[in-house]
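Chemist: Going down the list, the protein sequences come from chains A and B. FYI, the numbering used here numbers position 98 of the first sequence as 98, with every residue one higher than the one before it. Count along the second sequence starting at 1, add 1000, and that's the number in the numbering used here.
These are calculated hints, taken from the structure and not from any lab test. Beta carbons: idealized from backbone N, C-alpha and C, even for Gly. Some clues are possibly wrong.
Under 8 angstroms between C-beta atoms, here's a sample of chain B residues computed to sit facing chain A [unchecked claim]:
1) Phe1034
2) Gln1042
3) Leu1046
4) Leu1074
5) Thr1078
Not close to chain A: a few residues of chain B, all C-beta gaps over 10 angstroms, as computed [as the list claims (entries may be wrong)]:
6) Leu1026
7) Lys1041
8) Glu1052
9) Gly1061
10) Phe1067
11) Ser1097
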Amino acid sequence: AQRVTQPEKLLSVFKGAPVELKCNYSYSGSPELFWYVQYSRQRLQLLLRHISRESIKGFTADLNKGETSFHLKKPFAQEEDSAMYYCALKRNTGKLIFGQGTTLQVKP
Amino acid sequence: GAVVSQHPSWVICKSGTSVKIECRSLDFQATTMFWYRQFPKQSLMLMATSNEGSKATYEQGVEKDKFLINHASLTLSTLTVTSAHPEDSSFYICSASQAGSGNTIYFGEGSWLTVV
C-alpha cells in the first residue's frame, strides 16, 4: 500500500535548537517526495522536493531509500518556522498522498 | 509564481441545500486539478482528480453523487456538495498542476464549509 507516515503530531523545540521532522513512506515504485508547509491562516506551499536536492529556508531533506525515509532537518530552528509540515508522496498519476502532518512549535 | 484561487473562502449553508466551491488557476492552464478535504488538525485527504473535459476520478469511499466535480475549462474546476449535511462540514482544498515547471502543484487557499 502507498502510505506516508509522520509519527509525530507535535514537535516542540527552543529557538536555535536542531529540528528533525520524521517522514517514512511506503511505495512500490520510484518515489517522488515533497515537504509542504502551512503557516497559520495561509495556504499550503511547497517547501522542498527531493529531486532538486535544494535547501529552502535552511531546511534540507534527504531521501533514504534503504530506510524509506525523507526526514526534514534544520540545524537551528527559528520562531518563524513554527507551522504545520506535511510530507507528501507523488504517485505516477500525479496524485499527492499526504502524511498526517507535524506541528512544529519553536519556542523563544 | 503560479496562483490558485478558491471561492468562496468560507460558506455556511443549511442542511439539505447544495453549495458550490470554485477553484481557478489564475495565470496558467491546468489540465488536472485535485480536490482535498481536511478535517481540523488532520491531514489532507484526496477526494478526486478533476480532468478538463472529462469525468472526474474519485478516490475510494468518496461519493461521486454527493461531491459533483466539473472541470469545464483549463482554468476552472468546481466542487458541488449536494444535499449537504453537518458531517460535510470541512475545509476543502484544491490544487492544480502546472505543466512545464516540473509539474509543480500549487494549492488554493481553501474553503471552509459549515453546514447547519
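Chemist: Taking the hints in turn, state whether each one holds.
Modeler: Evaluation of the provided hints:
1. A least Cβ separation of about 7 angstroms between phenylalanine 1034 of chain B and chain A falls short of the 8 angstroms threshold, and the interface hint therefore holds.
2. The interface hint given for glutamine 1042 of chain B holds, since its Cβ lies 7 angstroms from the closest Cβ of chain A, which is under the 8 angstroms cut-off.
3. Hint on leucine 1046 of chain B holds. Least Cβ distance to chain A is approximately 6 angstroms, under the 8 angstroms limit.
4. The interface hint given for leucine 1074 of chain B is broken, as the beta carbon of that residue sits about 16 angstroms from the closest beta carbon of chain A, more than 8 angstroms.
5. For threonine 1078 of chain B, the shortest C-beta to C-beta distance to chain A is roughly 19 angstroms, which exceeds 8 angstroms, and the interface hint is violated.
6. With 10 angstroms as the threshold on Cβ separation, the claim that leucine 1026 of chain B sits away from chain A holds: the shortest Cβ distance comes to roughly 13 angstroms.
7. Listed as a non-interface residue, lysine 1041 of chain B fails to keep its Cβ farther than 10 angstroms from every Cβ of chain A; the least gap is roughly 8 angstroms.
8. For glutamate 1052 of chain B, the non-interface assignment is confirmed: its Cβ lies about 13 angstroms from the closest Cβ of chain A, beyond the 10 angstroms cut-off.
9. Non-interface call for glycine 1061 of chain B relative to chain A: holds, since the shortest CB-CB distance, roughly 14 angstroms, exceeds 10 angstroms.
10. Against the 10 angstroms criterion, phenylalanine 1067 of chain B stays outside the reach of chain A, whose nearest CB is about 16 angstroms from its own CB.
11. Consistency note on serine 1097 of chain B: stated as away from chain A, yet its beta-carbon is not over 10 angstroms from all of that chain's, at 6 angstroms minimum.
The structure fails to meet hints 4, 5, 7 and 11 from the earlier list, while all remaining hints are met.
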